[in-house]
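Protein chains in written order, with the working numbering: chain A, 1 to 732; chain B, 1001 to 1161.
Read the hints as simulated data drawn from the structure, not as lab findings.
Take these hints with a grain of salt, some might be off.
Computed list of lysine to any residue pairs in SDA-like fashion (alpha-carbon distance at most 25 Å, straight line) [to be verified]: (1) A/Lys119 / B/Asn1073; (2) B/Lys1075 / A/Gln181; (3) A/Lys496 / B/Lys1048; (4) B/Lys1086 / A/Ser420; (5) B/Lys1150 / A/Ser420; (6) A/Lys507 / B/Leu1050; (7) B/Lys1086 / A/Ala92; (8) B/Lys1075 / A/Ser47; (9) A/Lys435 / A/Ser420; (10) A/Lys507 / B/Ala1094; (11) A/Lys563 / A/Ile422; (12) A/Lys496 / B/Glu1034; (13) A/Lys83 / B/Leu1050; (14) B/Lys1075 / A/Gly168; (15) B/Lys1150 / A/Ser505; (16) A/Lys517 / B/Lys1086; (17) B/Lys1086 / A/His136; (18) A/Lys83 / B/Gly1074; (19) B/Lys1048 / A/Lys119; (20) B/Lys1036 / A/Gln181.
Per label pair, the in silico range of CB-to-CB distance [stated by the list, open to error]: (21) A/Asn60 / B/Gln1112: 47 to 55 Å; (22) A/Pro77 / B/Asn1083: 53 to 61 Å; (23) A/Gln181 / B/Arg1071: 34 to 42 Å; (24) A/Gln153 / B/Asn1066: 22 to 30 Å; (25) A/Leu527 / B/Thr1116: 56 to 64 Å; (26) A/Ser200 / B/Asn1066: 36 to 44 Å; (27) B/Lys1036 / A/Ser90: 45 to 53 Å; (28) B/Leu1065 / A/Asp167: 16 to 24 Å; (29) A/Leu78 / B/Lys1033: 54 to 62 Å; (30) A/Thr568 / B/Lys1036: 43 to 51 Å; (31) A/Gln551 / B/Gly1151: 43 to 51 Å; (32) B/Lys1033 / A/Ala562: 58 to 66 Å; (33) A/Phe484 / B/Gln1057: 53 to 61 Å.
Covered by chain B, according to a simulated footprint, are these stretches of chain A (three or more residues, beta-carbon under 8 Å) [said to hold, decoys possible]: (34) 363-371; (35) 506-513.
Predicted model, so just to flag it, every value in this text is computed and none were measured.
For glycine and all other residues, C-beta sits at the position ideal for the given N, C-alpha and C.
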Amino acid sequence: MKRILLAVLLMGISLATLGTKIEISTATDALFPVSQIKLPSLDDPVSREVIVTISHKDLNHRNAAARSIAAILATEPLIEKIKFSASAPSEAFQTWVWENRFHLSPPQSTDFSINEMAKQLEQAVEYFGNINSMIHGDRFLLDPTGSYWRLVQALENRGTEIQTEHDGVWQSYDQSAAVLQFRLTDKPFDATEVRALATSIHDISEKEGVIAHVLGVRIIAAETTIFNTKSSMRASIIASILLFFWLIWSLRSLTAALFAFLPVALGLTAAFIAVTLIFGAVHIVALAFGGVLLGLALDYPIHVMGHPQRLRSKAYHLIFLGALTTGISFLAMVGAQIPALVQTGVFILIGLTISALATIILPSPNGVKMRGLSLHNFTFHLPAKPAIEYALAGLGVVVIVIFNNQAPIALFEPPQHIRSDIQEIAVKLNLPSSKFAIDVQGETLPALLQYEKQLAKELDKEVEKGNLGSYTMLAQSLPSNTPFLANPIAFHTSAKAALAQMGMSVKYSQQQLEAYKLALQTPELNLSEMARFPETADIAKRLKITADSWQERVQIVLPIGAKHPNFTVSSPNAEMVDLLAPIRASMTDLQTRISFWLTVGLICGLGILALGLQSWSQAIRIFRTSCAVLGASVSLLVMLYGSVSLLQIVAMALVLGIGVDYNIFLASLKNEDVGADTSATSIYVCAISTLIAFVVLALSEVQILQQIGTTVVVGLLLMLLLTLAQSESAEK
Amino acid sequence: MPQTLEAVLKANPRKFQGVIPYEEFVLHPAFGKEVKNVGSYVLTLNDKLLRRQSSPQVEEMEIGLNTIIIRRNGKTVTRTIPNRMKPFFDLLQAAILDRPLMADDALQHQLQVIPTGWRADITLRAKNKGMITFTGCGRVLHSIGLNLSKGQERTIRFRTQ
Chain A
1 MKRILLAVLL
11 MGISLATLGT
21 KIEISTATDA
31 LFPVSQIKLP
41 SLDDPVSREV
51 IVTISHKDLN
61 HRNAAARSIA
71 AILATEPLIE
81 KIKFSASAPS
91 EAFQTWVWEN
101 RFHLSPPQST
111 DFSINEMAKQ
121 LEQAVEYFGN
131 INSMIHGDRF
141 LLDPTGSYWR
151 LVQALENRGT
161 EIQTEHDGVW
171 QSYDQSAAVL
181 QFRLTDKPFD
191 ATEVRALATS
201 IHDISEKEGV
211 IAHVLGVRII
221 AAETTIFNTK
231 SSMRASIIAS
241 ILLFFWLIWS
251 LRSLTAALFA
261 FLPVALGLTA
271 AFIAVTLIFG
281 AVHIVALAFG
291 GVLLGLALDY
301 PIHVMGHPQR
311 LRSKAYHLIF
321 LGALTTGISF
331 LAMVGAQIPA
341 LVQTGVFILI
351 GLTISALATI
361 ILPSPNGVKM
371 RGLSLHNFTF
381 HLPAKPAIEY
391 ALAGLGVVVI
401 VIFNNQAPIA
411 LFEPPQHIRS
421 DIQEIAVKLN
431 LPSSKFAIDV
441 QGETLPALLQ
451 YEKQLAKELD
461 KEVEKGNLGS
471 YTMLAQSLPS
481 NTPFLANPIA
491 FHTSAKAALA
501 QMGMSVKYSQ
511 QQLEAYKLAL
521 QTPELNLSEM
531 ARFPETADIA
541 KRLKITADSW
551 QERVQIVLPI
561 GAKHPNFTVS
571 SPNAEMVDLL
581 APIRASMTDL
591 QTRISFWLTV
601 GLICGLGILA
611 LGLQSWSQAI
621 RIFRTSCAVL
631 GASVSLLVML
641 YGSVSLLQIV
651 AMALVLGIGV
661 DYNIFLASLK
671 NEDVGADTSA
681 TSIYVCAIST
691 LIAFVVLALS
701 EVQILQQIGT
711 TVVVGLLLML
721 LLTLAQSESA
731 EK
Chain B
1001 MPQTLEAVLK
1011 ANPRKFQGVI
1021 PYEEFVLHPA
1031 FGKEVKNVGS
1041 YVLTLNDKLL
1051 RRQSSPQVEE
1061 MEIGLNTIII
1071 RRNGKTVTRT
1081 IPNRMKPFFD
1091 LLQAAILDRP
1101 LMADDALQHQ
1111 LQVIPTGWRA
1121 DITLRAKNKG
1131 MITFTGCGRV
1141 LHSIGLNLSK
1151 GQERTIRFRT
1161 Q
């Protein structure tokens, strides 16, 4: 009793002192090997952007509501900046456009003819009758090539095409909603805080009589995190309650049921604290698999209670062997160099070892008369069991090689209402496809624009056919032509003649010449310059500039409901790109790594098992059965889901862990005369406990838990079936 | 004649049923002749200044503190007021709306008597921002002109009828 009190006290002190430091992390980059793939972080400025659509059929009502909501949100401390209409281009941007006019919209040879220059001058003079002339000053006069004129016109026209405004408020693409944009303040992501903000936007909108849809990376992350946390918590509570009542019923004792949870609680506490101290936070994947400890480590005290006092030392040995085998199999995942799985390996090894040690050290209640079936009595004869097991293992390999499809890449699905919001906003704002784009490449910017013009013709036809919604490319904002820059002397001569032709002051050509020379000296465009202006930041994101090439990723909007483009592109230097391909390749690589390291772990576990059992043949028999269960489980999962996901592969390791435990427990019963029935019943209680925990997970709304639950339930049932099946040689 | 810059800015153009008709003359060293724009300034109920141009192009400009909103052919465009034009717009609003001058508009000025009344040349301290000229008679403002560097001029004459 003293030891139990001491253990409870130790756990309490540990949780009181270090419990507050335990943090749960949902960082997606922890799911990829270091430096393999760059995923956007929640701290990136882009991740702090939020879009809100305010829907109401009456334009004036929604505009008034948008203004009112913006005014309220402007006072929110979590919001840095809110906008509902376009900001005026800054003076710095206008000067940059002026200085870079020959890079952005170079003139062509005909622009240097006297007549063309005279036309441009006439146009520029007339422009002084336009209020805009106060802004652009006399720049149109200074550039008689028309380069700056064409550039300004093109940028202005494109600007109004992309985003329409009514009464100073942005409108959605389908003209059904007003649009607000804001940026969250630069502070660490807090899911509860962000979710509260989203809820308050919905509440305010409801009061204003409009419907709001809120979308942003942090909004999705907050909703997903809270949904997953709540659902996981609910699943854990349901599983714990069911297990508790199951144990009270089957152990016929409240004390024994409570005791069964103690080693698990100690194991979990130790695992949480160790992972927090080593890694700084516990990743949600480690946590999900860590919950499995509940299913595995709960078996240890039950199994010990099923043994009479004199046979317990043997049970202790087997429990420790089982924990070590499973723990080492998981620890091998450290080799995969995936931060979340490295944590999982450490979490499970520490959790299982501490649970096993606690089971051994703490005094288990004696004389527990378990209620249930003795699995011992359910063994059955299976002719040619080894051959069947080899066939099942082989079947798994064949199914994986031939029938396994690419598993979905999303590990954490957002909740349904967020998925609906994403779809709704994608349609309203005509958001480009996040899965497909078209890469176009040219040696220079003018060459790129020429290729884009050809591609635009092709895409316009697809738009007409209904295969494409719309597209966004640089050629829509920048005029394209065959660039030509005359030498300054030739320019000056033409400029003078054009001024004279227009009856203007020829002396002014000197100022034009100075401006021309300055523009010729402007350094080449670079992306960092473009990225610093809000007006060109989006364009910069689509561009890749190297010493000898310009590449743009043209965004496409697929028709509503289309998952893939229904067309191909044949324009020169243009190529349809599957944007998710690199992530998919990473996932495949990840699966290969995990499978490899789990196999390594399995072999290590086999070695430990052989040493522990002091019998290679027994270890190989268990290993063979485990491989058969893996093969059959994989085949069933591929039949059910069409593919085996990353998490299902990791969950297979749990099946192995559980299988190894049951195999060694059942095998040990053959040598026991007294108490063998109770011990066999304890395995039944353990198996049902594990099934309860994982059936609850399989029914969870959280995809990650569902996958782990289904895999373990399928695997566990198969494992029980094959463990109870006896070959002729075993029976003899 | 006004004795101080504040007094100059208190001079207002004549209003006709709430509107102030104007003619704007733009001169540029490159031009052979000046460009003439015609329209009227209107004070809105919410104290904003609108410039409604009727010729040669029909368009409207709403003048804000740092931006102007231009409406033409059913399209609305917002533009930032460039630094070189900022004092001009500030003084224009100060004169028409009777607004006090902003602290950063602290300027040097010279007042003189001319045959039609008075003239105030307001030199902008910052380089290359040119000079703003107010002309008037008594408390009536006749014109506001902006002389930019390199010989560019823009003069708004408030019409008397």
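Verification of the supplied hints:
Our distance criterion of 25 Å between C-alpha atoms is met by lysine 119 of chain A and asparagine 1073 of chain B, whose separation comes to about 23 Å. A C-alpha spacing of about 21 Å is found between lysine 1075 of chain B and glutamine 181 of chain A, which places the hinted pair at or below 25 Å, so the restraint holds. Restraint check for lysine 496 of chain A and lysine 1048 of chain B: not satisfied, since their Cα atoms lie roughly 44 Å apart, outside the 25 Å limit. Annotation: proposed proximity of lysine 1086 of chain B to serine 420 of chain A is violated, straight-line Cα distance about 47 Å (limit 25 Å).
Of the supplied pair hints, the one linking lysine 1150 of chain B and serine 420 of chain A is violated, its CA atoms being roughly 60 Å apart against a limit of 25 Å. Pair hint lysine 507 of chain A plus leucine 1050 of chain B does not hold up; C-alpha atoms about 37 Å apart against a cutoff of 25 Å. Proposed proximity of lysine 1086 of chain B and alanine 92 of chain A is supported: the alpha carbons are some 15 Å apart, at most 25 Å. Distance hint between lysine 1075 of chain B and serine 47 of chain A is unfulfilled; the C-alpha atoms sit about 32 Å from each other, more than 25 Å.
Restraint check: the Cα-Cα separation between lysine 435 of chain A and serine 420 of chain A comes to about 18 Å, which is no more than 25 Å; the hinted pair holds. Between the alpha carbons of lysine 507 of chain A and alanine 1094 of chain B the distance comes to roughly 37 Å, so the proposed pair goes past 25 Å and is violated. Between lysine 563 of chain A and isoleucine 422 of chain A the CA atoms are separated by roughly 15 Å; this keeps the pair inside 25 Å, and the hint holds. Proximity of lysine 496 of chain A to glutamate 1034 of chain B is assessed by CA-CA distance (about 20 Å); at most 25 Å being required, the pair is judged to hold.
Of the supplied pair hints, the one linking lysine 83 of chain A and leucine 1050 of chain B holds, its CA atoms being roughly 23 Å apart against a limit of 25 Å. Taking the CA atoms of lysine 1075 of chain B and glycine 168 of chain A, the gap is about 11 Å. The hint holds against a cut of 25 Å. This hinted pair checks out: lysine 1150 of chain B and serine 505 of chain A have alpha carbons roughly 13 Å apart, not beyond 25 Å. Restraint check for lysine 517 of chain A and lysine 1086 of chain B: not satisfied, since their Cα atoms lie roughly 29 Å apart, outside the 25 Å limit.
Restraint check: the Cα-Cα separation between lysine 1086 of chain B and histidine 136 of chain A comes to about 13 Å, which is no more than 25 Å; the hinted pair holds. Note on lysine 83 of chain A and glycine 1074 of chain B: the hinted pairing holds, with a Cα-Cα distance of about 22 Å set against a maximum of 25 Å. Taking the CA atoms of lysine 1048 of chain B and lysine 119 of chain A, the gap is near 38 Å; set against the 25 Å cutoff, the hint is violated. Proximity of lysine 1036 of chain B to glutamine 181 of chain A is assessed by CA-CA distance (about 41 Å); at most 25 Å being required, the pair is judged violated.
Take asparagine 60 of chain A and glutamine 1112 of chain B: their Cβ atoms lie about 52 Å apart, and the range 47 to 55 Å holds. At about 33 Å, the beta-carbon gap between proline 77 of chain A and asparagine 1083 of chain B misses the expected band of 53 to 61 Å. A beta carbon spacing of about 23 Å between glutamine 181 of chain A and arginine 1071 of chain B contradicts the range 34 to 42 Å that was offered as a hint. For glutamine 153 of chain A and asparagine 1066 of chain B, the hinted distance range of 22 to 30 Å is satisfied, since their beta carbons lie about 24 Å from each other.
Distance hint check: the CB atoms of leucine 527 of chain A and threonine 1116 of chain B are about 57 Å apart, consistent with the given range 56 to 64 Å. With their beta carbons about 30 Å apart, serine 200 of chain A and asparagine 1066 of chain B fall outside the hinted range of 36 to 44 Å. A hinted range of 45 to 53 Å is violated for the C-beta pair lysine 1036 of chain B and serine 90 of chain A, which are about 31 Å apart. Range check, leucine 1065 of chain B to aspartate 167 of chain A: about 20 Å between beta-carbon atoms, so the 16 to 24 Å window is met.
The hint said 54 to 62 Å for the Cβ distance between leucine 78 of chain A and lysine 1033 of chain B, and at roughly 58 Å that hint holds. Range check, threonine 568 of chain A to lysine 1036 of chain B: Cβ separation about 58 Å, and the 43 to 51 Å hint is violated. A hinted range of 43 to 51 Å holds for the C-beta pair glutamine 551 of chain A and glycine 1151 of chain B, which are about 46 Å apart. The hinted range of 58 to 66 Å is satisfied by lysine 1033 of chain B and alanine 562 of chain A, whose Cβ atoms lie roughly 59 Å apart.
Taking the beta carbon of each, phenylalanine 484 of chain A and glutamine 1057 of chain B are about 32 Å apart, not inside 53 to 61 Å as hinted. Note: the region 363-371 of chain A has 0 residues with beta-carbon separation from chain B under 8 Å; the three-residue rule is not met and the coverage is violated. Counting residues of the region 506-513 of chain A whose beta-carbon sits less than 8 Å from any beta-carbon of chain B gives 3, enough to reach three: the coverage restraint holds.
Checked against the numbered hints given earlier, the structure breaks hints 3, 4, 5, 6, 8, 10, 16, 19, 20, 22, 23, 26, 27, 30, 33, 34 and satisfies all the rest.
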